[in-house]
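Go by the hints and put chain B onto chain A.
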Amino acid sequence: MLSYLPFFPPQGSTHAASVDALYVFFVAVTAFFSVLIATLIIVFAVRFRRRSPDEVGAPIHGSLVLELTWTFIPLVIAMVMFVWGASLYFQITTPPSNAMEVYVVGKRWMWKAQHVTGQREINELHVPVGQPVKLIIGSEDVLHAYWVPAFRMKMDAVPGRTTTMWFEASKAGTYQLFCAEYCGMSHSRMIGMVTALEPAAFQTWLAGGKSTGTMADLGAKVFTDLGCSTCHMDSAQGRGPSLKGVFGSQVTLASGDKITADEAYVRESILTPTAKMVAGFPPLMPTFQGVVSEEQIAQLTAYVKSLATAPAAPGAGTPAPAPGGAPAAGTTQAAAH
Amino acid sequence: MEASIAKPTNYLNATHGAASWFLTKDHKRIALLYLISVSIFFLMGGVFASLIRLELLTPAGDFVSSETYNKFFTMHGVMMVFFFLIPSIPATLGNFLVPMMIGAKDLAFPRINLLSWYIYLVGGLMAVSAMVMGGVDTGWTFYTPYSTAVSNTHVVMTGVGIFIAGFSSILTGFNFIVTIHTMRAPGMTWMRLPLFIWAHYAASLIMIMGTPVIAVTLLMVVLERVLHFGFFDPTRGGDPVLYQHLFWFYSHPAVYIMVLPGMGVISELIAGFSRKPVFGYSFVAVSSLGIAFVGFLVWGHHMFTSSQSIYAGLIFSFLSYLVAIPSAIKVFNWTATLYKGSISWESPMLYAMGFIGLFTIGGLTGLFLSAIGLDLHLHDGYFVVAHFHYVMVGGTLLAYLGGLHFWWPKITGKLYYEPFAKVSAVIVFVGFNLTFFPQFILGYMGMPRRYHQYPEIDGWQVLNVLSTAGASILALGVILPAFYLTYSWFKGPPAGPNPWGVTGLEWETASPPPTANFEETPIVTRPPYAFTNEDAHV
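Chains as they are written, first to last, in my numbering: chain A, 38 to 374; chain B, 11 to 548.
Here chain B stands alone, though its shape is the one from the complex:
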């Protein structure tokens, strides 16, 4: 960029004052509002995680009472799942990048976008109020009849908070779908869309189709708790297992709301830092839709021990194996993309490589749980805990951190200090594995989930101490970026439009981008990741 005397206006300095932020219709500013809010929820969820790990250092329940411990793991799950993981990538990176990547000025409905943030905030504040008033102890799964008939904690307020936040998810998904359909720049055909967009499109489909189900389910819990409707009460003709069907009908696809956008991020990082098109673009793109579709048909694998019929069990087991295939395809394609690439080892790429390794383990350990004969042993034990943390932390969180580092120069216009970022990526990777790998072993040995205290069985405490030690390292790894990224915002050197030397419309405009994203509407003539002229003629 040529030096100019006047400071160029961008979305950050175009207007000033609180109202210009809290009433903004700019998707980029809304993305930042989301970034700050999901970070706060992540911090809260992380504090609860630390408290859980502290309690489990010793077999005896000697740090807090059982009631308190039960609230800790419930609030950890609620904060992390509903208020961090689900909105994390779509509402921050997705919000910022979906319009930019397709060459649009904004999302299709900027006011609805702002509304979605307020809805999220109201839902989040309700959940936090419930926490401050004494918390909730049902587990994030709210299984009936404990949640409806027994627990005397703040189930209703937390449930309503999640119910409300769900609408923000629906609105975001709806906004993305309309935007991707109608606002692509000239020449941006479907097969020229970055894979980040395909992943967000697939995740958005799940958001709008799945979220209403969890909303209705939580409403039913509230109705049952307050007005004694009896949906889940066998003495009134209801059935507690009905709740599990409804809950997992959403909550299994919700796993893909969490991980699909992460996969989108990884495709961008792998292509960008190999300077090469993603191997098998159309397979990676279509596999996202495949995951979104089959993901709706596997909820029963959470209920192999809930007395569902043997035939239902078999079908859910079979379908769970099918849903693994599109994920396997992605992993192989990302790996193949590296072949003959021009690979640079910058921090976002370290996160991406970590993601592939950890997601592979997370996915494969899911196969253990799909084998019903094995699940009868592993179900509701620490193996399950380890498995889903490999998917959600090893997968989604690493993708989120990788994506945040990758697009940070675009978002802020500043470069962070790369050596810090590299070190923190390594710390996260080591800490994560030390935290969660021992839990696979604990699970097979028989340690149940949600246990405030555990018997003194050979090896159990050692594994728990390792896990707690890992958690402290992991905590350091995720806190570090908060410091050096924030510092870079104020003191970092300017990034320039394309510091990584990668492709994509978002890198063709200034950093930070102008309010309208582009000086003039881009015209797209090449497929994504066209690093050479040969790439451009496919």
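In isolation and in its complexed conformation, chain A is listed as follows:
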């Protein structure tokens, strides 16, 4: 309903109505207090205007009851705001486990997207209506931020990190896409369109797009080309751990800690292999920093994910809930350990 009012962007996602509801609540609180304060000021200033040059005010110094009242009431309202805002945050940053994944890379000054089935897009993104979509975002150069106002959602693209955001388009249509984090000269031209299609139309679109192979296939090729496969063999005999069934599982590290193998961990293990060594393996792996591009990292990640469904290699630990199941608002840090 709110989308028919001016001053609101279109509501294009399932999040939009909840964000708008919270916004309207905040506007109401702000309007109430601003009008209250402004009215009191004007009424007092008129009612108690100075009537003779020597007049002074009444000797009133304060009131503990009033002080406590206007400490306590704002505190309660603030806590309502906090809880509401925080629970909405949980809801809109925790992707459902069945989310369709799309890899996005920000690069001055364009948004490159690649679907797991291999189709690439630039400054555009096609998504199906009614299907949760999780964007796995990287940056090739500086900070960017992926913002679709109609979806009420944005996330930074951070060099050296993998970030994620998700949404579910609720209505077919095209929606503005902006880069929201200043990235230099053509920042204001780093814009595009997100097109939400009905599921059938999306399948047609997907079939019509050129694909050089799925991302997992492309990743498998990179995996072989860079020689990863010489150590990370399918069997447990490799010099490195087998990657079968690893993604999304709990990995035991040399330090004894356990970590969920998510996108950020895959990135870190490629770029800073010694940061979180898997227990039982020597630190032999060289860094691939500067060797693999952002897009290749995305493809390798897709490949490692595709191995998750393969039977677990001995010692790989128990599988954790699906990759998207954990709260993954941002992500863990990749390189700075």
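Hints in this document: simulated from the structure, not taken from any laboratory. Note that the structure is predicted; figures quoted are calculated from it, not measured.
The list that follows gives simulated cross-link-like pairs (lysine to any residue, SDA-like), each with its CA atoms no further than 20 Å apart:
| hint | chain 1 | residue 1 | chain 2 | residue 2 |
| --- | --- | --- | --- | --- |
| 1 | B | Lys424 | B | Tyr497 |
| 2 | A | Lys295 | B | Tyr321 |
| 3 | A | Lys144 | B | Arg459 |
Quick look at chain B alone, frame taken from chain A:
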């Protein structure tokens, strides 16, 4: 004052010549040096603001190139934040009034005070040189890796300029703290301090604790840019988000460096023009310290979309709501002070009433941004721009102008033409709201910050045109005082010691004050704002 044949000597006419100004150790003269210099920086920042607004009149980027536009908003932010807002009230009004309000002859370290002005000037000149040589385009936030690895503009020189100016802030804060601790007149107990002093004390704490962090952070940017250290470079084990933590660890508390002294001014104005003690004095005083303390713990709310962990986000969100409470307490207390006051509608009071209204909106819209679920939409959009301008212009600038009008008769010994001042206060208020209110709407509709051009979306241009129109009105409102205040200095009627009929030690001495501030050291027997005898026995 009885008529005397000899012209009384005061700090303005006690000595003459350039050296008597540029080598002065008198806090009042140094305040004037600062007043002139921050006004010049304000003018420069304002010119850039006008250029930004001109470009945004139309959706297309047709006035200047993107590179130039990016430099405009960067230089606007750098000039306004580091060289105007931060020193504005403390270095001018604070410098003039802190010793006078506590009954002291000067600040504790007059030479360091003068040094702080020179340091500020050197830093400012470096920033201006960088601007003249071609400017800088990183945004005032200098986010890495753009600032360290990509931008080919004068990042180092601007950064070093801000780094240097930071020391002037540290020295001023340090000077205020020592002065307030050691140089209070007999009888001036802590609970008799004017609220202006409490606010400056709290702001000074932030200056000395926060400023070194921004200095180190900018130094790290310079080291990374020049010597490729790799603090913020993921390919060398660094992290760009580390920069944001360091930057906001200072720059969020810096908001309180800008607004706390303004709150101090407002307390004085509200009490003075209601002729009544500030309601809940101790709550207002202590809330300044509360803001200074909690203000150091909320920096992460600038980074909700920077991929910080969900738990860090929650804690920063929670603390951001807590820091709102002391500000709310102040607003309610100022409003309650008006009740049963003897309120006169003079120009400084108009600014004070405007401040309360605009700061209320500025503060409440900050709550929108603290709600993480909402911030994910609003972050880095025009809503944020509108919010912080309501705090910094609606708050700090209005307090600065209000304070300047209030103490102008004390500083110069002359009265300005009040009707002009009233009109200009109204123009500022109207122009300000017309400039920035539409930006809240633009922000929710999705217009990102720092955009040289914007798509033709329904309503966007209309709102931008309103904003630009408002900016022209606002510009008129802030330029007018420069004329009538300057005119009054030369031609205005004498003010007398206490033209407003208010309390405070600064009003008990001549206008302009003698070099030593007081003919003899005052002895304080009453709390501040004691307008009646009943007020004096609390």
